[in-house]
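Chemist: Sequence:
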Amino acid sequence: MSIQSFGPFRVNRAQRLIEKNGESLIIGGRALDLLIALMDRAGTIVSVRDLMTLVWPNLTVEEANLRVCISVLRKALNDGVDGARYIVNVPGRGYTFVAPLEIESSEGCTSEYISHGAAGSHLLPEIPETFVGRHDDVDNLSRLIMSQRFVSVVGPGGIGKTTVALAVASALRSEFCADSVCFVDCGAIGDADDLPTAVVSALRCPVPASDPLTGIRAFLAEKRTLLILDGCEQVIETAASLSEYLFQSNETVHLLTTSREILRVHGENVYLLPPLRYPVGEMPTAHQALATPAVQLFMGKAAASGHRESLSDEDAPIVSSMCRRLDGIALAIELVASRVGVYGIHGTVDLLDSGAELVLQGRRDAPPRHQTLQALHDWSYRLLSAKEQTIFARLSMFVGDMTLEAAHAVVGDGVDDRRTISQVVASLGDKSLIHASSVQGPPRYRLLDTTRAYASLKLADRGEKDEIARRHALYFMSVLERIANRAPSIDSGDVAGLTLSVGDIRSAIAWSFSCSGDPVIGRRLTASAARLSLDHAFLRECRAWGHQSLWPVQDANHATSVDLQHTRKLSLTDAQINREIDQSTATRDLQLALGQPEGECRFGRELAGPLHLIAFGRTYTQERPSPGNVL
236 MSIQSFGPFR
246 VNRAQRLIEK
256 NGESLIIGGR
266 ALDLLIALMD
276 RAGTIVSVRD
286 LMTLVWPNLT
296 VEEANLRVCI
306 SVLRKALNDG
316 VDGARYIVNV
326 PGRGYTFVAP
336 LEIESSEGCT
346 SEYISHGAAG
356 SHLLPEIPET
366 FVGRHDDVDN
376 LSRLIMSQRF
386 VSVVGPGGIG
396 KTTVALAVAS
406 ALRSEFCADS
416 VCFVDCGAIG
426 DADDLPTAVV
436 SALRCPVPAS
446 DPLTGIRAFL
456 AEKRTLLILD
466 GCEQVIETAA
476 SLSEYLFQSN
486 ETVHLLTTSR
496 EILRVHGENV
506 YLLPPLRYPV
516 GEMPTAHQAL
526 ATPAVQLFMG
536 KAAASGHRES
546 LSDEDAPIVS
556 SMCRRLDGIA
566 LAIELVASRV
576 GVYGIHGTVD
586 LLDSGAELVL
596 QGRRDAPPRH
606 QTLQALHDWS
616 YRLLSAKEQT
626 IFARLSMFVG
636 DMTLEAAHAV
646 VGDGVDDRRT
656 ISQVVASLGD
666 KSLIHASSVQ
676 GPPRYRLLDT
686 TRAYASLKLA
696 DRGEKDEIAR
706 RHALYFMSVL
716 ERIANRAPSI
726 DSGDVAGLTL
736 SVGDIRSAIA
746 WSFSCSGDPV
756 IGRRLTASAA
766 RLSLDHAFLR
776 ECRAWGHQSL
786 WPVQDANHAT
796 SVDLQHTRKL
806 SLTDAQINRE
816 IDQSTATRDL
826 QLALGQPEGE
836 CRFGRELAGP
846 LHLIAFGRTY
856 TQERPSPGNV
866 L
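Numbering (the numbering used here) for the sequence shown: 236 to 866.
Derived by calculation from the structure, the hints in this document are not laboratory data. Note that the structure is a prediction, hence the values are computed from the model and not measured. Heads up, a few of these hints could be off.
Distance windows between CB atoms, simulated [claimed, not checked]:
| id | residue 1 | residue 2 | range |
| --- | --- | --- | --- |
| 1 | S476 | G579 | 49 to 55 Å |
| 2 | S540 | D588 | 32 to 38 Å |
| 3 | P360 | E549 | 34 to 40 Å |
| 4 | A695 | D426 | 32 to 38 Å |
| 5 | S589 | P754 | 26 to 32 Å |
Capping the alpha-carbon separation at 30 Å, the derived lysine-lysine pairs in DSS-like fashion look like this [what the hints assert, rightly or not]:
| id | residue 1 | residue 2 |
| --- | --- | --- |
| 6 | K622 | K700 |
| 7 | K310 | K255 |
| 8 | K622 | K693 |
All residues carry an ideal CB built from backbone N, CA and C; glycine is no exception.
Throw the hints in and build the complete structure from the sequences for me.
Modeler: Structural data, given as C-alpha cells:
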C-alpha cells in the first residue's frame, strides 16, 4: 500500500512524493507526514495530541505548529474548493481524513476501491465508569437486537443513549466476530454524504469508490455484524435510508442506532430510553434516595469532584429535588454534580436557581455538543425549521403540562391554524424536545425543565417574552373565568385539569403583577383561581396577591373586588377565619356588591330584594336598595 490516490492526487510513500494530475506538488516534509498519518487513519478522528506525536516524534512543539501545518496542507490540496473535502476539523476532538482512497498495487494497477481505517479504528469508545441504572435497558435492548436485528434508541439529548449503546455492544461481543462490532459517530460527520464513507472506515473494508453501498453490502454478505450508528439526528435522512438498505439487503447485519428522532423506516424497532429514576417523595431518607440511579450518579460525580461526605438524611431531599429538576437526564446530573466539590450541595442548589446549569462546563474530552447543556440544546435547535424554532421558543412560557388548545392560543400567530400548531408540536415531540404525558383526558405536553430554560432564553432573544406572557395570562384568565362562572355545576374534570396547570396560573399571576405585566389581568386571575380552590398552598399565595390586588381597585369592577375579598379570606387559616369573618366584613363585601359611589352595581338595576352572601357556612343578608336608588 505504498501508493494511494484520492481525487486528483497520488501519494507515493516510498518516494515521499505527492502528485496532482501527474505533476509533483511541493508541500514540505511535515505536511506530507501529517497527510500520511491522517490517510492511515482515514475516517477516524485523530486527536491533536496524537497527531503531534506522530508528526513530531520525540519533540516538544506547540499546537500552533499543527494548525499551521494543517493550513498549508489544506491550501495545497485546495480543500473546500468546488466541494472537494479531504481533511475535516471536528471541534474539540481533532481531525479526520474523509476522502475515498484508491490503492495502487505493486504491479502498478489501480484498484477502484476505498481502503479506510488503520488497525483499531473500529474499536468502541470506552463506557463511562459511572454507569448506573441502565442494566435493565441493556438486557432488554440486547434481546431486542438479537431477535429483531434493527433497533433505534431514542430520547432527548444527554439522557445516555450513547452510553447505553456502547454497553449493549460490549454485552453482545460474544455473539459476533472480534472485528464485527463497529461504531460510527454520526455527530462527527459534517456532510451527510460522508456517512457511507464513515461506515466503510468502521468496517475496515475495501469497497468500490463509485458505489460504496453495493460494496458494503457485498462485504457484509454472510458476515454477522453489529453496526452502531450513534447520533443520527444530524444526518437523519441519510442514516434512515442507509439503515433500511443494510437491514433489507443482508440478514446477518444487526443495526443499533441512537437518535433524538425516530428514523421512521421499515424494520425499525424504537426503544424510548427513559430518564434515570429519582425519588418521588418530597422527604426521602439518604437510604431511600441512594436506592435510585439518579442520586447514585449525582453522588458519584460529586465524589469525583472532591466532595468526600456521604449523603445525609438532611441533604437527601435537596439532592433528590435537584435530580427531579434535571428530569433524570444523565448529562445534566453529571454537569451539576461536578460542581459540588467546590460549592457544596447547598451552593449547587443556588447555581441551579440562577439558571447556571445551561453553561456549566463538562469534560474537556467530550464531544462539543456534550460539553455544556447549552451546546446540547444548540445542537437540536439548529436542526429545527424556522417555524419549529419559533413555536419551540414560545412554548417555554408554559411551566407545566399544556394541551394543544392552550398551545394554539398562546403560541400561534393568528395565521397558524390548529393543524399547523399540532403538526409542529408533534414534530418537536418526534425530536425529543417535548414530552407527551399519558394522563386521562386530552393529550398533554411539556418541555423538560432544562429544555424549557434554554427555550426561554431563545424567546428572550426574539424579543417576544412579554407578548407571549400576556397571551399566556389571558388564556388562563379566560379558562378560569369560564369554569368559575359555571359554579356550582363545575365538572370535576375541569378542576382536575386546572390543578395540573397551577404552576402556569402562578406564573401568569406573577407576570401580571410584575413591572411589565397587567394588574387588571392579575386581579381577575387571582379572583377566579381562588374561587375554584385549586390547592391549599396556592391559596396561601393568593392572600398576598389579594392584598396587592385590592389597592387600588379603581380600574376593577366590583364583581372582581368581591371575589378578591373572598380570595383574601379563603387564604386564611381556620383561626384567622374565625377572627376575620364577622358581620362587619360581610357587610363590606355586600356594600361592594351593591355598588359604591365610584362604581356600578354588580347585579344590575332590575334586581331587588334581599341579597344573601354565603361564606364558610354562614349566611349574611342585606336588603338591596330599590332600583331607583341604584347608581
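Chemist: For each hint, tell me whether it holds in the structure or not.
Modeler: Hint-by-hint comparison with the structure:
At about 51 Å, the beta-carbon gap between S476 and G579 stays in the expected band of 49 to 55 Å. A C-beta distance of roughly 19 Å is found between S540 and D588, which places it outside the suggested range of 32 to 38 Å. Here the CB-CB span from P360 to E549 is close to 39 Å, well matched to the stated 34 to 40 Å. Distance hint check for A695 and D426: the Cβ-Cβ separation is about 33 Å, which falls inside the suggested range of 32 to 38 Å.
Remark: the range hint 26 to 32 Å for S589 to P754 is upheld by a beta-carbon distance near 28 Å. Using a Cα cut-off of 30 Å, the hinted pair K622 and K700 holds, with the two alpha carbons roughly 17 Å apart. With a CA separation close to 13 Å, the supplied pair K310 and K255 stays within the 30 Å bound. Only pairs whose Cα atoms come within 30 Å are accepted, and K622 paired with K693 is accepted, the gap being roughly 13 Å.
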